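**Student:** So you can see what is in the structure, the chains are spelled out below.
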Amino acid sequence: MNLVSHTGIVFVREMRPGLRNPLGLVFQMAEPLVFLVLFGPLLAVMPSVGDGSTWQWFVPGIVVMLSLFGASGAGYLMLTEASAGTLERLLATPLRRTAILAGRTGKEVATLLVQALLIVLATLPVGFDPHPLGALVGLLLLAVFGVGLGSLSISLALAMRDQPSTFYGIQQGLLFPLLLLSGVLLPMDFAPDWLHTASRFNPLTYLVEAERALFAGDLAHPSVLWAALTAVAVAVVGLAVGARTMRRASC
Amino acid sequence: MIHARQLARTFQVKGERVEAVRGIDLDVEPGELVAFLGPNGAGKSTSLRMLTTLLPPTSGTALVAGHDVTHEGARVRQRIGYIGQGSGSGEYMLPRDELMTQCRAYGLSRTEAVRRTGELMAMLDLESLATRPAGTLSGGQRRRLDIALGMVHRPALLFLDEPSTGLDPQNRAHLWEHILRLRRESGTTLFLTTHYLDEADAMAERVIIVDRGAIVADDTAENLKAQLAGDLITLTLADTDHAGTAAAIASRMPSVSEATVDGTTVRVRATWGVAVLPEYLRALDTSAAPALTAEVRTPTLDDVFLALTGRRLRDGDAPEE
Numbered sequence: 001m002n003l004v005s006h007t008g009i010v011f012v013r014e015m016r017p018g019l020r021n022p023l024g025l026v027f028q029m030a031e032p033l034v035f036l037v038l039f040g041p042l043l044a045v046m047p048s049v050g051d052g053s054t055w056q057w058f059v060p061g062i063v064v065m066l067s068l069f070g071a072s073g074a075g076y077l078m079l080t081e082a083s084a085g086t087l088e089r090l091l092a093t094p095l096r097r098t099a100i101l102a103g104r105t106g107k108e109v110a111t112l113l114v115q116a117l118l119i120v121l122a123t124l125p126v127g128f129d130p131h132p133l134g135a136l137v138g139l140l141l142l143a144v145f146g147v148g149l150g151s152l153s154i155s156l157a158l159a160m161r162d163q164p165s166t167f168y169g170i171q172q173g174l175l176f177p178l179l180l181l182s183g184v185l186l187p188m189d190f191a192p193d194w195l196h197t198a199s200r201f202n203p204l205t206y207l208v209e210a211e212r213a214l215f216a217g218d219l220a221h222p223s224v225l226w227a228a229l230t231a232v233a234v235a236v237v238g239l240a241v242g243a244r245t246m247r248r249a250s251c
Numbered sequence: 001m002i003h004a005r006q007l008a009r010t011f012q013v014k015g016e017r018v019e020a021v022r023g024i025d026l027d028v029e030p031g032e033l034v035a036f037l038g039p040n041g042a043g044k045s046t047s048l049r050m051l052t053t054l055l056p057p058t059s060g061t062a063l064v065a066g067h068d069v070t071h072e073g074a075r076v077r078q079r080i081g082y083i084g085q086g087s088g089s090g091e092y093m094l095p096r097d098e099l100m101t102q103c104r105a106y107g108l109s110r111t112e113a114v115r116r117t118g119e120l121m122a123m124l125d126l127e128s129l130a131t132r133p134a135g136t137l138s139g140g141q142r143r144r145l146d147i148a149l150g151m152v153h154r155p156a157l158l159f160l161d162e163p164s165t166g167l168d169p170q171n172r173a174h175l176w177e178h179i180l181r182l183r184r185e186s187g188t189t190l191f192l193t194t195h196y197l198d199e200a201d202a203m204a205e206r207v208i209i210v211d212r213g214a215i216v217a218d219d220t221a222e223n224l225k226a227q228l229a230g231d232l233i234t235l236t237l238a239d240t241d242h243a244g245t246a247a248a249i250a251s252r253m254p255s256v257s258e259a260t261v262d263g264t265t266v267r268v269r270a271t272w273g274v275a276v277l278p279e280y281l282r283a284l285d286t287s288a289a290p291a292l293t294a295e296v297r298t299p300t301l302d303d304v305f306l307a308l309t310g311r312r313l314r315d316g317d318a319p320e321e
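Those protein sequences? They're chains A and B, same order as listed.
FYI, the numbering for the first sequence is 1 to 251, going by UniProt numbering.
FYI, the numbering for the second sequence is 1 to 321, going by UniProt numbering.
No lab work stands behind these hints: they were computed from the structure.
This structure is a prediction, so every number in the text was calculated from the model and none was measured.
Virtual Cβ for every residue (Gly too), placed ideally from N, Cα, C.
Hints may contain errors.
To be verified - Label-pair restraints from in silico Cβ distances:
id : chain 1 : residue 1 : chain 2 : residue 2 : range
1  : A       : Arg244    : B       : Thr10     : 19 to 25 Å
2  : B       : Phe11     : A       : Met46     : 54 to 60 Å
3  : A       : Arg244    : B       : Ala74     : 14 to 20 Å
4  : A       : Thr197    : B       : Asn40     : 52 to 58 Å
5  : B       : His3      : A       : Ala243    : 29 to 35 Å
6  : A       : Ser165    : B       : Arg22     : 33 to 39 Å
Claimed, not checked - Reference excerpt, derived from the structure (chain A facing chain B, CB under 8 Å, subset only):
id : residue
7  : Ile9
8  : Arg13
9  : Arg16
10 : Pro17
11 : Thr80
12 : Glu81
13 : Ala84
14 : Gly85
15 : Glu88
16 : Arg89
17 : Ala92
18 : Thr93
19 : Pro94
20 : Leu95
21 : Thr98
Chain A with its partners taken away, still in its complex shape:
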């Protein structure tokens, strides 16, 4: 059997609980939903956050936030399974090590795409108007980024399997600074110089800008190229680190 069929086996295993309990999908996206419902309306009454409607500006960012929270938490389940002994059981089967990682990451990306679609659909009635092709490219970009971030999170979980609290510490410690620095919630154009400069070093900033351009139908916007490069770079690094960690995963 090859890597693809092994990845498929792991992917199906990971997907089953979610398919059996689809409502769980909504609970997993709690943070982005809270921001959408409790923060979005506040933005709507604020002056000038970009051109056009607030939702047009805000929803693409929330979709990026979704991928950040979802994919960075991918390691959580790996951590649980590693400490329980479930990972060990899978490692003792003929499954390829990399397939165990790829199947899990695949599930994170699939979940992410479904959740992003849900958010887009839910905001259509309040005036969000996505460009179909742009949205498609935007979701693709998100998926590539999710592969990288998911792999990194799983690798971190594997490396920290003996001290789970370190995993949570690192994950939570990075999550909010990255989020706030990316301009998801408020435009970075208003930021003081130092903060603005800091945000330019955040890969997420480019992704957020690109998603806004893409959902508006501006496929040729320069940020799209930068975001594509960033997403591919994160994916390549994530997969390389992940594959290496998995191959060395001895219990």
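Starting from the known structure of chain A, fit chain B onto it as the hints suggest.
**Tutor:** What follows is chain B alone, placed relative to chain A:
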């Protein structure tokens, strides 16, 4: 089935070199039931992990089910089953789904997987639990699921790491029923680690005692007890003079290996104590140092361990890391 030569593993713990397993040689033939017995931290689990390809050896070689653990890991894994200390099933997963995944992981087709999953659920009384998340099962139920997961592909060799740790006596007995039935029905070679003395004694045909990363004894439990420990005869006598006489008489008897005095009590180690005792009592009567009470106790594997290492192997400890 298993041929290990000078298999060793060292770990770096806080800058210090820890030799968990110090070059063990091991040969297990098809159909054997072998127990690896030793105290916590003796290197049992580390050895098992090397034999199941979960941990690369630092040095030495091991052929398991005909393949080299270092260079042909995937081939070894295809041929063996492994039931670890923890729970193999995912918290949120349904037992039936986990069994299906496991079947597919070992290369069974979808139809074969469905059939085998049904078969195993019936065999291990899991049918009524098939659609309950594994996290909600009891310890015994979850262990049965682990056993099922370990044998989906009918391995010729099955490794079990501390299979009965944490189970109550009734569940332990049930677990063993399942394991022994599996062996009867398919001739599986079983290799398990345990720190339960009675378990190794009652179930295994061959006991390998490990201590500080090395094999210190390897034989049937009966031979180990007969050769290394011997029966313990305990006498009480009227006074310390009599006790001294009794000990002196015992040490002149050919099958006695050791005689010690403690106040009015005499302890005598002898092979086949039940035969030694009548003769011994007659000798004491003729020497006018008659015994007031007499007892013969057959040795346990704990006595064997004590004889080998000078330490006791306490039962019921927490499982090793």
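**Student:** Hint by hint, note whether the structure agrees.
**Tutor:** Going through the hints against the structure:
For arginine 244 of chain A and threonine 10 of chain B, the Cβ-Cβ distance of about 22 Å falls inside the hinted range of 19 to 25 Å, so the restraint holds. Hint check: phenylalanine 11 of chain B to methionine 46 of chain A, Cβ distance near 58 Å, so the stated range 54 to 60 Å holds. For arginine 244 of chain A paired with alanine 74 of chain B, a C-beta distance near 18 Å keeps the hint of 14 to 20 Å intact. Look at threonine 197 of chain A against asparagine 40 of chain B: about 55 Å separates their beta carbons, and that is inside 52 to 58 Å.
Checked against the given bound of 29 to 35 Å, the beta carbons of histidine 3 of chain B and alanine 243 of chain A, roughly 32 Å apart, stay inside it. The hint said 33 to 39 Å for the Cβ distance between serine 165 of chain A and arginine 22 of chain B, and at roughly 34 Å that hint holds. The restraint placing isoleucine 9 of chain A at the interface with chain B holds, with a minimum CB-CB distance near 5 Å, inside the 8 Å limit. Proximity of arginine 13 of chain A to chain B holds as hinted, the smallest CB-CB distance being about 4 Å (cut-off 8 Å).
About 5 Å separates the beta-carbon of arginine 16 of chain A from the nearest beta-carbon of chain B, less than 8 Å, and the hint is met. For the restraint placing proline 17 of chain A at the interface with chain B, the shortest Cβ-Cβ distance is roughly 5 Å, inside the 8 Å limit, so the hint holds. The interface hint given for threonine 80 of chain A holds, since its Cβ lies 6 Å from the closest Cβ of chain B, which is under the 8 Å cut-off. At about 6 Å, the closest approach between the beta carbon of glutamate 81 of chain A and any beta carbon in chain B falls short of 8 Å, and the interface hint on this residue holds.
The restraint placing alanine 84 of chain A at the interface with chain B holds, with a minimum CB-CB distance near 5 Å, inside the 8 Å limit. The interface hint given for glycine 85 of chain A is met, as the beta carbon of that residue sits about 2 Å from the closest beta carbon of chain B, less than 8 Å. Checking glutamate 88 of chain A against chain B by beta carbon gives a least distance of about 5 Å; that is within 8 Å, so the hint holds. Satisfaction of the interface hint for arginine 89 of chain A is found here, the shortest Cβ-Cβ separation to chain B being roughly 3 Å, below the 8 Å cut-off.
For the restraint placing alanine 92 of chain A at the interface with chain B, the shortest Cβ-Cβ distance is roughly 4 Å, inside the 8 Å limit, so the hint holds. Restraint check, threonine 93 of chain A versus chain B: the minimum CB separation of about 4 Å is within 8 Å; hint holds. The criterion of a C-beta within 8 Å of any C-beta in chain B is met by proline 94 of chain A, whose closest approach is roughly 5 Å, and the hint holds. Here the hint on leucine 95 of chain A is kept, as its CB sits about 5 Å from the closest CB of chain B, short of 8 Å.
Annotation: interface hint on threonine 98 of chain A violated; nearest CB of chain B at approximately 12 Å, more than 8 Å.
The structure fails hint 21 only (numbered hints given earlier).
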